[in-house]
Structures are given as structure tokens and as C-alpha cells.
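**Q** Next come the chains, spelled out residue by residue.
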Amino acid sequence: MKILLSILMTGCAWAQIESPQIGVMLDVNGRARPVLGSPAAAAIGTPWFDGAVISLACSADACVAKTESALFTPAGVVVAAPPGAAIIALDPYSPGAAYLYFVESGQLARWTGSQLIPVAFAPGGDVLSLRAVAGGVEYAVESDGEIWIGRKSLGAANTVLLLDGGGALLARGGHVRLLRPDGTERDFAVAPAGSVVGGFIRMSDEYVEVLTDAGMWALDLEPGHEQIFLLPGVSH
Amino acid sequence: MKTRWLCLLALTLALSSGTLEAQVVLYSLNGIAPSPLGAVYGYGQVAAGDSMIVRFRALNTGTASVTITCLSVTNTTGAGFSIVNSSSTPFVVAAGQPMDFFVGFSATAITSYAASLEVGTGTATDACGGTIESAILLATVVPAPILSVAAPCTGPDANKNISFGRIAQGTQESCTFSIQNPFPQDLTVSPLTLTGASFTTTSASAVTIAAGQSVSFPIQFSPATGSAFTGTLTVGTRVYALAGTGFSPPLSSLVWTFDSTTIGSGEQHTLSLQLSTAATVTAAGTLTLTFAPSISTVADDTAVQFVATSTRVASFAVNAGATAITLNAQPNIVFSTGTTAGTITFTVNSGVYGLSGSPSTSVTTPPAPIDLASSAATSRANELDVVISGFDNTYSIGGMSFAFVDRSGAAIATIPADFSTNFQTFFKAQNGSSFLMRASFPVTGDVSQVGAVTVVLNNSAGVVTTPSLSFP
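Residue numbers (this note's numbering), protein chains in the order written: chain A, -19 to 216; chain B, 165 to 636.
Misleading hints may appear alongside valid ones.
[Unchecked claim] Some chain A residues near chain B, calculated using beta-carbon distances under 8 Å:
1. CYS(-8)
2. ALA(-7)
3. TRP(-6)
4. ALA(-5)
5. GLN(-4)
6. GLU(-2)
7. GLY17
8. SER18
9. ALA22
10. PHE209
11. GLY213
Everything labelled a hint here was simulated from the structure, so no lab data went into it.
Just so you know, these numbers come straight off a predicted model, no measurement behind them.
Glycine included, C-beta positions come from ideal geometry on N, C-alpha and C.
With the rest of the complex left out, here is chain A:
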């Protein structure tokens, strides 16, 4: 064999097996819970902590949860934070870090993994979503009934989530539209007739939780695997 390499044979190969985690969801009681198993046959785990989460974002490398007055991480880091909800953009360029926009105060801050550092920010409108880009953040605002990123309109929507790498999720009524950076789109009918998508939560790199008044759904964003599943409920 030309290659100067030997792979130790079967006896040396070993396997570690565990339950797959789809991501972290926010349940109807405001608890952050891990979602385990297969997407269509998922089970929900015990909450991180006994407190109501109002904002949440998770990736393969990090999770940040916002309660009324503090930030939490699964590792147990807790710091005081401005009151109310926050829009959270995990930073793919710096694992564990994130940008947070505090809706009530209009403040932007960078989360280093252990502390919040204020960032000067003048968005010129109500920020609906953030994403980290090289050297800063990109954000979406609503103006004249449409969602705008800078000078680019994404059209009308009642909620939006900017995705890492340039894509976006837009919801209107009970439908969700996935915009890929390459310009392709996918549509998903989520909620029963008459229901409305109320928001998105980033569960992991691959999944986004879609919140409706009729249940919580997990949208698989992986190209070629785009599917939507109903998440297990705890009190509906």
C-alpha cells in the first residue's frame, strides 16, 4: 500500500453511543428544555432551571437564555441583565459569544461568555432580529409594513429570524418562508387554519423552534432535509 498509514483494526476501534440532542426548546410554561431523540419522535428533558425564560438561542457551541432580569448559560453562568426580552444572535465566529439587543431599553451588548459589554448601536427602527457577521451585527427592522435589512426588503411578515450565513425565516399568518442566501425559498404551512406564528427560537445549528398559539414546531433547516415537526407539548 502506497500510503504510509495503518489504521488499527477492529479490536482497536471503539464506539461511544448516546442519545442525540435536537436542540433546546422553550415550552409553553417558559422553561428551557433539551429536546432529545429523533425529530418526529422527540422527547423533552427536564428544564435547565426553575425559572421562566423569555428569550433563548442555542447552537452546537453555546446556549444563552434570558429571564426577566438575568442571563443564564447551561454551564451555570448567571449575570444581571437589563429587564425584559432580548433578541439574541450567537456569534459563529466566536463560539460561546453572542450579541444581545434588549428590546425595552434599545441597548445592544456583546456577551463574551462571562460578561456583558455595551455596544454603541443606533438602528433607526424597532429591531426584530439580529445576526452576527464578521466584525459586527446585521439586523432587521420593520418599516412601512415590510421587513428590511439595510436597504433590502424581505417583504411583509409578522416575525423574522435572521439566520447565520445570510438566510432568513419569515412568518406571515400560519406560514413560514425560508429564504436561502442563494435566493431559493421554501414554504411551510405550520399552524392550523386561523393560527398565527408568534415567533422563532433558535434551538440549535440545524433547528429553529416555531411558536404558534396551537403548538410548538421544530423546523429542520439543513439543506435537503427541510422538514417541520410538531414538538412535544407539556400543557396544551
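Please build the complex by placing chain B on the supplied structure of chain A, with the hints as guidance.
**A** Same frame as chain A, now just chain B:
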């Protein structure tokens, strides 16, 4: 002087004590009415294996209390009589008061039986001495055929109850009854009679059954109204109670609609329900889901459930005049098939409203090859890692092979592996068959020359192959 009065016809005795007098008189009770007990009491014919219990009473008819120190049944022919319930002795019976006790009889040998019953008022050292009231108890055991009943009827139970269940009024349910003769000689069963409105049979009033054989006959239950019906079936010495209920169903038969005709594991599906004709009343009840795994080592898969509520029960409701049924107040309901092969059964319980036709339907998730959700390959300094996630609804995953190629696509090595033990240990500790496997291969040499790996995974239902997984 000790005196025994076996077979004594005189059944009462006066105990004199100055001006006070105690006197014990024995009675048998059929129901609540006591009858003075004669010298002999007959239990009559008792079917082999059956039991008969008779209540007796020792009544103090005197003006002073009396202490009963002895209460005994002595079998004199065979062994079949026994005291099954009584107060413990010595027992003081006040003037005018009774002491009741029960004597049972049961035997299997076909013959006659006798025993003596004694009630004594002797001393502590000679409890059954002194004055004794007694009687002879007699019984005859006769051959008893064995009655069995086929579904949909149930019974007979220990109390000889047979149920025809609930059926819609105006319909008929027929159950087959069988009488077996377990004895080595012919057996004539007589009488063989049926009573009760709504119960009919074509059976004769007596039947002779050859040794070791059995005869069968149908009994039909035909409730004309929505109410409960009872009857009796007399089979020789035994009398069985028949019961059935008729109901008027306001709900027609169910129409089950799934969003797909093919249902497999690891899927979510939508179920909707309709009535075949409009409901005559506004009704409500429950829809229940149960799961029976086809994998012998698995007891359940809790992921098989109605997803929105994480439960296996949902409410259903239908309005008068409507055919559409709402489930948890929605027009349909989403359920998960879990990650275990098996049968999912849905059952409607319409409670008091009644339902025509079957209340249940089932779908089966067949054993399938391993379902791969994701697969990837990574490398570290001295190791190659292959990460695969998915589920195996057969729980038989373990055997696999890893075919490594170099950066030009030329084969390096194909390594078989058997991680069956790892997987079985893992499955025992979790619910469902979802897994995330990280297989690691220690390497010597230049790891960067390894370009990709293809993994073949086996289970009892087939083989799956990953795409070519490139190492970064």
C-alpha cells in the same frame, strides 16, 4: 359424666341452674328465616368441585346466659364438611341471643358424605363434654359437567356469572356454550334450561354427553330496548346467571382517516375522525392510543403519543347533527410513531353514548433498516472519528463496516466492527432507539491522507450505507 348424643333426635336440652335456666336450640337458616334443625340436615346434591355453605344458629332460649365451649364438625363418611366461619369458643350467649356459624361442604369424589355437627357447653378442660347439641349432616356429590363460553361472551366467573356485554338495541349477539363431560362414563345433564327475556337457545332441555366428550349450543342475546337484561342457565345442579345490556347508540360507526396509507417509525402523522352518519346527540368521550412493540426486548416506546400534549389520551367531541369529530378541540390530531416497530391502536370510548361498529383501529410500523438522520467524519491528531445519528426500530444494530479511501479515492482499508454489545447496553438505559454513535479509529501515520469513509450498517431488517463522508 361425658355424654355424646350422636344421631340424637332430640335437639334441645335444658340446663338447670337454680331458678335460672339456659337452653340451646339449633336452627338452620335459609336466607333470614330460621328453621329448627332436625336430627339430620341434608345439603342435597352438590356438583363435584362446587361448594355449598349453610348458616346455622345456636339460640339460647333460656333465661340465663350459656357458654358454648365446643363447636365441631366431624366427617364420618369422606371429607367434605368443615366450619368455614364462626365466633371463637368459648362464646357466652346471653339469654335470648344467638350465636351463628357456617358449615361448608365441597368434594370432588362422586359419592355420599356424612358428618356430625356438635355444639357443646362443657368445661374448659373438656370443652366438648357436658351437654351437647348435635345433628348429622348429609350431602351427595354428583358428576358435574364443565361449562365454557366463547367470546364475545365472558365467564363464567367464580360466582357463575356470564356476561353478554353491551350491544346496540335491535341487534343480536350469539355466544357458543360448551358442556364437557370430564368423567369416564356417559353423563346426562338435566335439566338444561334457559330463562330470561332477550335470551334464546335451540338447545334441548336435557342432553347426554359421552365420556370425555362435549356438546355445544348457541345462546342468543337480543335486547329490544336500551336497558339491562338478566336470565339464568341451569346445567344440571348448577345455575348460571346471564347478563347483558342493550343500548341505543346515538353515534354511528367511525370513519378513521390517516394522512398516509404507509406509516413507519420516526414519523408524525395526522389522524382525523368522522361519523358515518350525523350524530343524533351532542356527545363527548376520549380517544386513547396504545402501543405494542413487536420487539421482544422492548416493553414500550413513550415517544408514541399525541405530540401536542405528550399524552396518549385525547378528548373527542361531536355536535348533534354533525359528522365531524374534534380531537382535543381540533379537527385532527398529530401522533408520533416513535422509533420502535410495533402496532399502534386507537380506541374511542364514547361512554354512555354508545357507538355502532368497532371503536378501534390499528396501524403497524414494520421493522425497517436503520434510519440515518446524519453522518459525518472528522479527524484528530491520531484518531479518525465517524459520527452517525439515527434510529433502529429493530434494536438489532451493531454490525457495521467502515471503508476508508485516500484523498484520490483509492481504497485504504475496510474495517468490520461489531458494536452490538455497546448498543444493547445503550438501549437498555433509554427509551426508544434513537442514537448518536461516535466511532473512533486510532491511527498511526499521516491522518491527513485519509480522504473519506463509507459506512455500511446492518440490522435485522436490512442494510443501509452512508454517503461517502469526507474528512476535513
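**Q** Compare the structure with each hint and give your call.
**A** Structure-based check of all given hints:
With 8 Å as the threshold, the beta carbon of CYS(-8)(A) comes within range of chain B, its nearest partner Cβ sitting at about 5 Å, so the hint holds. The beta carbon of ALA(-7)(A) is positioned within 8 Å of a beta carbon in chain B (closest approach about 5 Å), and the interface hint is therefore held. Interface hint status for TRP(-6)(A): upheld, as the beta-carbon distance to the closest one in chain B is roughly 6 Å, under 8 Å. Hint status for ALA(-5)(A): holds, given a least beta-carbon distance of 4 Å to chain B, under 8 Å.
At its closest, the beta carbon of GLN(-4)(A) sits 5 Å from a beta carbon of chain B; the interface hint therefore holds under the 8 Å criterion. The beta carbon of GLU(-2)(A) comes within 5 Å of a beta carbon in chain B, closer than 8 Å, and the hint placing it at the interface holds. Annotation: GLY17(A) was flagged as interfacial toward chain B, and the flag holds, the nearest CB pair being 4 Å apart, inside 8 Å. Interface restraint check for SER18(A): the shortest CB-CB distance to chain B comes to about 5 Å, inside 8 Å, so the restraint holds.
Of the supplied interface hints, the one on ALA22(A) holds, with its beta-carbon coming within about 7 Å of a beta-carbon of chain B, less than 8 Å. Taken as an interface hint, PHE209(A) checks out: its beta carbon lies about 6 Å from the nearest beta carbon of chain B, inside 8 Å. A least Cβ separation of about 5 Å between GLY213(A) and chain B falls short of the 8 Å threshold, and the interface hint therefore holds.
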